[in-house]
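Given the coordinates of chain H, assemble chains A and F onto it according to the supplied hints.
Protein chains in written order, with this note's numbering: chain H, 1 to 353; chain A, 1001 to 1131; chain F, 2001 to 2217.
Accuracy of the hints is not assured; some may be wrong.
[Stated by the list, open to error] In silico DSS-like links for lysine-lysine, alpha-carbon gap of 30 Å or less: (1) A:1112 - A:1030; (2) H:345 - F:2067; (3) F:2192 - H:345; (4) F:2192 - F:2216; (5) F:2067 - F:2192; (6) A:1112 - H:48; (7) A:1112 - A:1130; (8) F:2041 - F:2216; (9) H:344 - F:2192; (10) H:344 - F:2067; (11) H:346 - F:2037; (12) F:2041 - H:344; (13) F:2067 - F:2216; (14) F:2041 - F:2192; (15) F:2216 - F:2037; (16) H:185 - H:48; (17) H:278 - H:345; (18) F:2041 - H:346; (19) F:2067 - H:185; (20) H:278 - H:256.
No lab work stands behind these hints: they were computed from the structure.
Below, each chain spelled out in residue letters.
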Amino acid sequence: MRKDQNLGEYLRAQGVSRRGFLKFCSATASLMALPPSAIAQVADALAKARRPSVIWLSFQECTGCTESLTRSHAPTVESLIFDAISLDYHHTLQAAAGHGAEAARMAAMEENSGEYILVVDGSIPVGNPAYSTIAGISNLDMLKETAANAFALVAVGTCAAFGGIPHANPNPTGAVSVSDIVTDKPIINVSGCPPIPVVITGVLAHFLTFGTIPELDALGRPAAFFGQNIHDRCYRRPFYERGQFAETFDDEGARKGWCLYKLGCKGPTTYNTCATLKWNEGTSFPIQSGHGCIGCSEPDFWDKGGFYNPISAGMWGSRDALLGAAAAGAALGVGSALAARARKKKAQAAEEA
Amino acid sequence: MSSLDAIAVNTEVVTGNVEPLLHEVRHALKRLANGEDGTVIDLRSLPLAPGEEEQIEAALGQGEVRAELNALGPSLVQETSYPGVWLVTHRNAEQAVVGRFIEVTDMPELLKSQQADIEYGINRLENELKN
Amino acid sequence: MTLLDFASGPGMQWALWIFVFGVLWRLVGALFLLSRKDLTKPRQYNSVAAGLGAIISRSAPAHAFEKRILFQHVTGYVWHFALFISVLFFAPHILFFESVLGFGWPHLPNTIILITAIIATAVLITLLIRRATHPVQRFISNADDYISIFVVLIPLITGILAFAHVGGRYETLLAIHLLSVEVMLIWFPFGKLMHAIMTMPARYQAGTAFGRRGVKA
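Extracted from the complex, chain H is given alone in its bound form (with noise of 0.2 Å):
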């Protein structure tokens, strides 16, 4: 797609019928969890677009998240998505290596001043900034030089929007969120462990579409995925209500799909839409194939006292000290029932005497 080109033309010069244009449309504002009735709109806003430019840094991650997205599922409405970016910046997906990457970002972000989107997956580490360095520069410079002057941040991943695993406890590296370092600029957080593919590009087909910051809830992820809690939109919520459950992984009540409150499900703390557009072409997810939601789209998912832990079990490792209070207070009370006999055969006697 040529700089000069808006995505109507660019559609239609690819040989894009009007009606592969509304059809790519129902699918991105299916994508972007929007109405139907939006279609229009956002046909008109498409057609439209300019081509933006996109600078993705990967910091203390594991790749999942730039994994999910380049498998997502729907590769003629993503691809054309990213052919309307210009992704000018990605060190796993780029050919480009050392100093040329480098000099490329630089470009871009010249180039872009103020008006590209700046993509981060992984944490930063605050600690020692020698553990993690790209180029020779630490996480913590990159990400502020690079946020400088950018149009909003796309935190994608639990990791970039709230730290992830890397910020677990003990957290060795000091890591922390994108929103920890940058304050001033506009950050959509994707999260997630990683997030489902279709959101990444929903947010940025969002961005594409109308050229603006999407309704966010209050830990700044899209409210159109982020909405609701699994547990709410889950197919197997009319078990909880009947109080059938699954005991343990291979029970009867495992095999007839019922409820996994029991076993560790944290659904109803968690807010993602993998109960709706779930996972793999819209296959199956966690639930789904038998295995309790572990909350991954949430801050400090990793310290929350066991996947396997019930959500309204208490958070705590042993009975022992509950046993110690439990000891006290009976020598307390055997203590104090001493005093007050003590204190009244004084007195009897001071009243004998």
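Coordinates of chains A and F only, in the frame set by chain H:
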């Protein structure tokens, strides 16, 4: 997939979303009959249990019109046994479903020839005739 | 640390410690006061039968007052029964008890729990209003009564809200529910809620004491 298919999956699971959806379709049809605007329902926006989408399909049945169009991959536009209710399935070039909608309308927008395409066609025809 | 993390972690831990400590302090203290020798010659009696007899006889209204206290009596039973069902047979609650006690028990469907919880809440509110408006009840009530009612009422209301996902995000409602339970646990040993543990032993003790003296009660 064959080994996966061999595992018996119990689908006694129901969300109870099928019947409300059919009621929504009924209300939309009544509005359409009264001359109001059509309605589009995105099937991806509903939590459905395994097998429930098939239930919806079966409940709607197949009607007289079945149109296939090829634009950025195949799309199937199928009128259901209830006139005015259409099931639209968009696939990409790899045959993966990229969108699934129930449209309550007398004619799905996508089946109409589009103004922009008509103009483009006129240009093309004129060029053909000039040569 | 989020509110929920605090509520289900250190908050609950401290509340349970204080609860167990306080309950045992009062219970053991009371039991140790019992063991004084009674030098009188007892009547012919069976102490266990007398104790259990008192527990049973005091579970029904005394004949003389039957009509006058019928409302209180019925609502009292309904309230306690509904509360016990709601607290003890809701699946998430049992998982909590299991994490504390190390064992669990069968649960009831959520719909039944929702009904009992609503009944319990409605009855308790009715009794609270009656206590605040009825001249005699008002007269014999002190701050302890009102505090004890409130610390039980709030967990009921927040529990229903959390269950129905009404009035906020689930994790916030759940955290508030847990915190309100913690307040109740901390208050429990030091106020009239302690009756839950003291009532039956007290009746038994009174029964045996009466029995020893040949009083039928």
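Outcome of the hint check:
no. : hint            : verdict
1   : A:1112 - A:1030 : 23 Å, holds
2   : H:345 - F:2067  : 45 Å, violated
3   : F:2192 - H:345  : 29 Å, holds
4   : F:2192 - F:2216 : 28 Å, holds
5   : F:2067 - F:2192 : 26 Å, holds
6   : A:1112 - H:48   : 23 Å, holds
7   : A:1112 - A:1130 : 28 Å, holds
8   : F:2041 - F:2216 : 17 Å, holds
9   : H:344 - F:2192  : 25 Å, holds
10  : H:344 - F:2067  : 42 Å, violated
11  : H:346 - F:2037  : 17 Å, holds
12  : F:2041 - H:344  : 23 Å, holds
13  : F:2067 - F:2216 : 22 Å, holds
14  : F:2041 - F:2192 : 35 Å, violated
15  : F:2216 - F:2037 : 22 Å, holds
16  : H:185 - H:48    : 25 Å, holds
17  : H:278 - H:345   : 75 Å, violated
18  : F:2041 - H:346  : 26 Å, holds
19  : F:2067 - H:185  : 72 Å, violated
20  : H:278 - H:256   : 20 Å, holds
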